[in-house]
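**Student:** When we follow our numbering, the leftmost residue of the sequence shown carries the number 799, and every step to the right adds one.
Source of the hints: derived by calculation from the structure; they are not laboratory data. A couple of the hints might just be wrong.
So the derived label-pair ranges between C-beta atoms look like this [stated by the list, open to error]:
1) Val894 <-> Arg806: 31 to 37 angstroms
2) Phe971 <-> Asp947: 26 to 32 angstroms
3) Asn813 <-> His1058: 43 to 49 angstroms
4) Ile1061 <-> Asp947: 37 to 43 angstroms
5) Glu1016 <-> Val1057: 17 to 23 angstroms
6) Asn813 <-> Glu1048: 31 to 37 angstroms
7) Tyr1012 <-> Arg801: 29 to 35 angstroms
8) Glu1016 <-> Ser1088: 38 to 44 angstroms
Note that CB positions come from ideal geometry on N, CA and C, so glycine has one too.
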Amino acid sequence: MKRQAPFRCEQLPINGLAYHIRHWGPDDAPLLLMLHGWMDSSASFQFTVDALRQSWHVVAPDWRGYGQSEWLNRRYWFADYYADLDALLERYSPGVPARVVGHSMGGAVASIYGGVRPERIAGLLMVDFLGLLPNEAEEAPGRIREWLDRSRETPRLRAYASREQLATRLLQFNKRLLPERAAFLATHCASQLPDGQWVVACDPWHKVPSPHVYRIEEVMACWRAMTAPVMLVTADEGYVMQRFGQHSEELQRRMDCFVHGQITRIDDCGHNVQHDRPEKLAELIESFFSYPEKP
799 MKRQAPFRCE QLPINGLAYH IRHWGPDDAP LLLMLHGWMD SSASFQFTVD
849 ALRQSWHVVA PDWRGYGQSE WLNRRYWFAD YYADLDALLE RYSPGVPARV
899 VGHSMGGAVA SIYGGVRPER IAGLLMVDFL GLLPNEAEEA PGRIREWLDR
949 SRETPRLRAY ASREQLATRL LQFNKRLLPE RAAFLATHCA SQLPDGQWVV
999 ACDPWHKVPS PHVYRIEEVM ACWRAMTAPV MLVTADEGYV MQRFGQHSEE
1049 LQRRMDCFVH GQITRIDDCG HNVQHDRPEK LAELIESFFS YPEKP
């Protein structure tokens, strides 16, 4: 495996929480903000950063309740991520639109934020996300009931006796993951419980589903307000292909929302593109954000 790019970390107060931020590259290089997905953390981008050829200052936060950022240990409200992203951009790219890579949930947050504050996003590369399947209004009572029921007891994550056992589980879950990458993730994306066992470093309260129905038309209204170019990177065995297929009318309807939208697909790849094909993802990132110097 290619030599690992060195990283450094800092803690930053964001909206009343201690946020953990991971940095790669020199501070004076062009900024590239990377946003991880659900039940993940910033270290997930290590292999993609390793494959970048140009000099970048990559900034990747652990979202609230993930990795080494502060956990609420209670239910979360999704809209808080928009406020956190707003504060992060004010800190690292004040007055300058930022280049953003968002995997899954990270793409969800960035794409909606990009329609609310279009002047803050220079370009968005979304990795295997194009919205969820919509809910019917009639599902609302059941969703709220499930939310209430699931919130009665503190949720738990599956625990492992050792980091090695967690790495083995990651390999079983993802047939494409290399053993050395599984070992890295089990080290940098895990936390130890008081009893000595290991879990993925995510607040288990993230497992409690939202009580709200998903309204795709509201999401698409935000997408239509975006002015920055958008590249959607799909995986041949990823979520977008599973949900919509390659040539579906629904996929095209959603992509048509973006003023400057394009799609590209990576083959032999699952949802976690940054683990399965990081070299190809890095190539697409540098092709899409082809700026010779910081604007």
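**Student:** Checking against the hints above, which ones are violated?
**Tutor:** When the structure is compared with the hints, numbers 1, 3, 7 and 8 turn out to be violated.
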